[in-house]
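Undergrad: Protein chains in written order, with this note's numbering: chain A, 1 to 435; chain B, 1001 to 1435; chain C, 2001 to 2435; chain D, 3001 to 3112; chain E, 4001 to 4112; chain F, 5001 to 5112.
Worth flagging that the hints you see were computed from the coordinates, not collected in a lab.
Ideal placement from N, C-alpha and C gives every residue a C-beta, glycine not left out.
Mixed in with the good hints there might be a few duds.
Selected chain F positions facing chain E (Cβ under 7 Å, derived; list incomplete) [to be verified]:
hint	residue
1	Val5030
2	Leu5096
3	Val5100
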Amino acid sequence: MSNRLLLSAGLASGAVLAMALPAHAQEVTAESVKTEAAFVFNTLLFLMGGFLVMFMAAGFAMLEAGLVRSKNVSMQCLKNIGLYSIAGIMYWVLGYSLMYSGVDGGFIGSFAAYSWPAAGSANEGSYSVGSDWFFQMVFCATTASIVSGTVAERIKLWPFLIFVAVLTGLIYPIAGSWKWGAGWLDGMGFLDFAGSTLVHSVGGWAALTGAIILGARKGKYGADGKMTPLPGSSIPLATLGTFILWLGWFGFNGGSQLAFGDNINASDVSRIFINTNLAACGGVIVSMLLMQAIYKKVDVTMALNGALAGLVSITAEPLTPDPLMAILIGSVGGVIVVFVVPLLDKLKIDDVVGAIPVHLMAGIWGTLAVPLTNSDGSFLTQIIGVTAYAAFTIVASAIVWFVLKATMGIRASEDVEALGLDKVEVGVEAYPEFA
Amino acid sequence: MSNRLLLSAGLASGAVLAMALPAHAQEVTAESVKTEAAFVFNTLLFLMGGFLVMFMAAGFAMLEAGLVRSKNVSMQCLKNIGLYSIAGIMYWVLGYSLMYSGVDGGFIGSFAAYSWPAAGSANEGSYSVGSDWFFQMVFCATTASIVSGTVAERIKLWPFLIFVAVLTGLIYPIAGSWKWGAGWLDGMGFLDFAGSTLVHSVGGWAALTGAIILGARKGKYGADGKMTPLPGSSIPLATLGTFILWLGWFGFNGGSQLAFGDNINASDVSRIFINTNLAACGGVIVSMLLMQAIYKKVDVTMALNGALAGLVSITAEPLTPDPLMAILIGSVGGVIVVFVVPLLDKLKIDDVVGAIPVHLMAGIWGTLAVPLTNSDGSFLTQIIGVTAYAAFTIVASAIVWFVLKATMGIRASEDVEALGLDKVEVGVEAYPEFA
Amino acid sequence: MSNRLLLSAGLASGAVLAMALPAHAQEVTAESVKTEAAFVFNTLLFLMGGFLVMFMAAGFAMLEAGLVRSKNVSMQCLKNIGLYSIAGIMYWVLGYSLMYSGVDGGFIGSFAAYSWPAAGSANEGSYSVGSDWFFQMVFCATTASIVSGTVAERIKLWPFLIFVAVLTGLIYPIAGSWKWGAGWLDGMGFLDFAGSTLVHSVGGWAALTGAIILGARKGKYGADGKMTPLPGSSIPLATLGTFILWLGWFGFNGGSQLAFGDNINASDVSRIFINTNLAACGGVIVSMLLMQAIYKKVDVTMALNGALAGLVSITAEPLTPDPLMAILIGSVGGVIVVFVVPLLDKLKIDDVVGAIPVHLMAGIWGTLAVPLTNSDGSFLTQIIGVTAYAAFTIVASAIVWFVLKATMGIRASEDVEALGLDKVEVGVEAYPEFA
Amino acid sequence: MNMITAIIKPFQLEHVRETLTGVGVEGLTVSDVKGYGRQKGHTEIYRGAEYVINFLPKVKIEVAVDDALTDKAVDAIVAAAQTGQIGDGKIFVTELKNAVRIRTKETGKDAL
Amino acid sequence: MNMITAIIKPFQLEHVRETLTGVGVEGLTVSDVKGYGRQKGHTEIYRGAEYVINFLPKVKIEVAVDDALTDKAVDAIVAAAQTGQIGDGKIFVTELKNAVRIRTKETGKDAL
Amino acid sequence: MNMITAIIKPFQLEHVRETLTGVGVEGLTVSDVKGYGRQKGHTEIYRGAEYVINFLPKVKIEVAVDDALTDKAVDAIVAAAQTGQIGDGKIFVTELKNAVRIRTKETGKDAL
Ligand SMILES: Nc1ncnc2c1ncn2[C@@H]1O[C@H](COP(=O)(O)OP(=O)(O)O)[C@@H](O)[C@H]1O
Ligand SMILES: Nc1ncnc2c1ncn2[C@@H]1O[C@H](COP(=O)(O)OP(=O)(O)O)[C@@H](O)[C@H]1O
Ligand SMILES: Nc1ncnc2c1ncn2[C@@H]1O[C@H](COP(=O)(O)OP(=O)(O)O)[C@@H](O)[C@H]1O
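When you get a sec, could you build the whole thing from the sequences and use the hints?
TA: Next comes the structure, spelled out in structure tokens:
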């Protein structure tokens, strides 16, 4: 923009320009106005959904900063801003084309950095190409965020970030292409509206694989089977993170309607907002009630996990459920959290923030539940999809983790772990005055 | 959505579908395009306003987490995520119909769980029914948030949450029906644009009633009339909470215009944004100046309360004031805070976060001030409304509080209070490494 | 609004009213619908961009609260909410007219409080006048936020706030008028899309001038040239602040397109979102790599500064760069941070949060880089602009700082500084239980 | 002169301080400590896993007193800190060879 | 009776506590301290500037023991806290004139 | 051997440490404490209500020294910590029966 004033004289708006300069524009008809308004509305949905999901990066950062011990908080903050940055670039370098260009019912798209229409040019199609890229990119980043929480407090910085680069540049896009890129699973009729499986389970499998290969934090599981919890350093930050994620989820699920240009789509997006919220509410309340019933204390971290599990559960199908079903689907997420968290501890799988129950298990549940409310879904196809994603992600992640382990090592030394990653790798303590 | 790719070929947008399939659509005329665009804009206003107000739940959580002592911070976080979840479900089970269905100038709507149009169907009216529900629901949750701050640090978890269920399922919706549901007070010409009274005073009265029945925190008021402040554990979290609430208020007041589909409504929403902001600015500056003048120190918690009091004050009428009036109305909110906070202490009413001056007193002020700038308002009617809400909410809340007190008890035992609710009821300390 | 129910019967929307009452409306044509939809879209862009930028006030507050020592955290919170409030009022009292009314190629606009069209009236032009004011106001507040971080931990409250009043009421608006108000620099062809210079460098120069006049915090620079870092009190809050700023930047840069009403503008806004994000990613990654290479530790505060420097760098031209250029422009921001932070320490200029490298240096870089991607730009003109802003802001700020110093004093006494501003000026400690 | 070191329950601090002032003590120094003793720690549950907290929060009070005041001060602490429940804490008395008031360089009794 | 004061590395605390319990110690009091000694602090870098951290985090254990138990307790601490690396810490022993259990007013050995 | 315990103002810590090092002290242990004494706490205002803060932040330094070094060390602390204003703090000296360096098991003077 040349300056900000001229515009108020009405000259800079394309809409107005189009009227003033009929030569370069097609005739203005009711249809053309409708189409262009829908274009802007759809683009708006992607941009608004996109910035909401972008903000989930802050949500994950706060959730994880709150749930690790204070000696690793700076590192967790660093990993989160680092991973979001890497995802943002890798998804341009490789991801988007791999996921969306020329998949054609197959298993992978094409290798190419993505490019957008030039500045100042009208875009083909029913929304701005760039807005779609932005929206898909933040989904990719979310997948990486899931991993960072599980492997916290013991993984070294750079190997983690390299894993993120591969995950966001290759693994997630390839996996995504199978369904959202119109690949083979889409052809089979597999359904995953906003990514219970594509985003959350993929992230969850990568996290689980990492957690197993990496091993538990020192001191968590005693030789005698005794387990020592390592409580998180700040419950309010974890709570804040959860609320930010909840907020972002309206963008995550609502934006996945992919259209907002008319009565029907706008109404559907509204339904999605409601179901997303109800599922989260169900997850919270059920996990609270279960904690009270079983343990006589209502662990707030389980309520936070319950909210997220409710959200993940509804993500595969946030549109078709009626309110009661939305609550029920989310509530099962809450049940999963309460039982899977201790179960993992029994298996000595050390998941620092509960990402595996929340994203992986609730993601599977949500995907399998789609046919309960969407008659286009088939349980068999859903199971095939879930299994295929499991197999691919576990194998691909394991290869990357093992290569990293063999080459540069992935785990901080015992001394470093004892001292905290902040002092050694970051050089900056999170709370220098309170330690 | 089947997959995310097809859409970019332009087939999935309803707008485009409508063009491709004229059979199922009405003819596209300038009027139909205008109507449908307005529908989407209005729906957008509700959804955007709605997610902004939803995020206020995080604002309240942070404000309260920052203003309670560290031994009760986990509990405060738990209560906040719990209350939002309960409100979200109760407003579906009972609230919305009680508030909006068949009030017809009366005192109450109908008892029924609300339901929405099916997925994929066009909605009647000028906005999506679900978007309106979502927007009204988050208002209901706000009312409950107000209570939690006042009664913090001594109320037991479950009785509090049961109170919230009654408040959000019955008390608030019935109260709301009188005005926004086109009940008797609306018939009389009572004005409350975005809820200075309906939301903030109702929440405030419920909080005040609770604070009195519950009694003050142990140690706050000495036998000798000496009072011992119990300073909050984290000023930056309280500040963050305040800024989040301020942000959310643009949705709260702006969305209450209820329409965004044309020049006039869009311009009015802009005015509302400005006035909302100016009132908050006035509240901050005046409370800071007064603190400096009276106490020679500028207590930051008073500046935060001043911002919120300014916001509550303008909420009853954020559209008609000119800038100077908006600043003045908000400034009076700042004055209220500075004088009512110590006054409550003199009355030995223990309001942990200042919700009573901020939401109740500034809410009353804002409601009474409406006729200053809106010629449709009458001081008498405003007083009648304020009084009616006071009477109803005090009586209804008192009944619920007393029933809870008589049955399960509402107050944590002395030992538990001394130890902190976190250790006993939640089982998780907020800052385990710094205690 | 009279009540919230009637509307659902479709009567309250202006769009619908217009149809029902043809008498007061112009005929509904495709053109009129297009124009009005564009009006609403443009207004929406300002309001949405505006609330995102407003939230940056919270981002600055958290960033600064995290980077000062705990004894000054309450003060930093107070200053941030205070400065935003003052900016919000001063920009109405003086700022907007000075910046946008009657500049006419000159150096300054007119002295007048701004006023808006009445409630309920249609606005001329292609967007609501008030929405534009709101959007410009939050930019003004950002400028003030930049200063507060640099001069933290030693400046007294009231002199700081008076400086803010002059900065936001006079200095920034006059500077802004030269370009965005269609003043002399705009006439010369100076380019600054969203304010690398107008906002960030102006704020940065004011901060630098203040830091020099104020002197360094006691204890930071020893007599022997030894320097003692004074690490910030909370890395997660600083991280949160950075993420909030990053989020807000989509509004900052995206909104500066100033139009969203058609395919082209919506597509351009999308491009801006992408470039803004890529530049920040580049800033983060480059600063992390450099820190690893030079210091063998990856200081998280440098990565946070890197993100912000990337964002500031792209702000002068977020539309024209292609992805690679956006990454490069942002990456240079990351380089600047890593080298300028220690350089300032060598010069004994004490910049508590790194605002000078981030906002001033990266702002200059971003402004000079415009001609790299925008053929309308000229390096010479960019240099003239940067120099003019430097000269004006340094002189104007220095005058204000010196007057304040001579009259009321700007610096807290040694004792107060040692004890912390929180105890003495605010009276409230930020973390009373952990000190 | 003796140094009295008392480990007490945190909530008794204010009461103990007042009682000590009552018997003529003019200064004391306090620190937060964690105690292990007969009062066993409690079992907590974090995310569904039980664990034992061995250490309980206590407050340590150090009071330097003249010989003449020692017994009175010890009794005062006992009186004020006793709840009768396990974990009330201990008092330890050690001999003080010297005391110095930094401000005035006074030593011995005068320094207290 | 003696008061044993040990300054140890934080990570040895649990081990030391267990070992002490093993030799018959029934109570102890712990606090967080910062130590300066031969184990020099490390150089840190904050925002590109080097600085030296002189103080290292340590844990202080105070155990009041009967004369008979003193040597055993000292040996137990040494055994449990020793890593052989610089900075392992110190043990100091001072004489205790008296001890009181606040709950029961028992004094001397019985109070421990 | 003696144990010197000094309660000083927090801002004097670095200076005291340097001065002690100057006279030959090779190690010390520091903790954050709260002090009550002649320097009365101050009145604060929180949300419009006045209240008295009785305890002021202080730092406690513990230095174990050989007899020969004791007076020098005490003097060094006094010299470095004195501001002349009320609340400068106290120094207490107690006798040390033994000292052990955990790393090497050295005892007595050699352990310091
Ligand atoms: N031998 C000891 N040496 C040092 N401190 C002790 C010792 N025994 C107990 N304590 C301290 O006294 C506190 C109370 O002791 P405990 O045995 O729990 O109860 P009681 O004093 O009622 O017998 C402990 O938490 C610990 O801090
Ligand atoms: N003279 C002393 N007085 C009090 N504490 C000491 C003294 N010397 C050392 N310490 C404490 O013991 C800790 C370890 O001492 P250091 O000299 O670093 O190693 P080491 O004990 O292996 O020789 C120090 O950090 C300090 O807390
Ligand atoms: N009798 C005492 N026993 C233990 N500590 C004391 C005693 N008297 C004072 N102190 C400590 O010394 C500090 C300074 O003492 P105070 O009386 O305020 O000033 P001054 O040392 O200048 O007389 C107090 O805050 C307290 O920590």
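Undergrad: Which of the numbered hints above does this structure break?
TA: none
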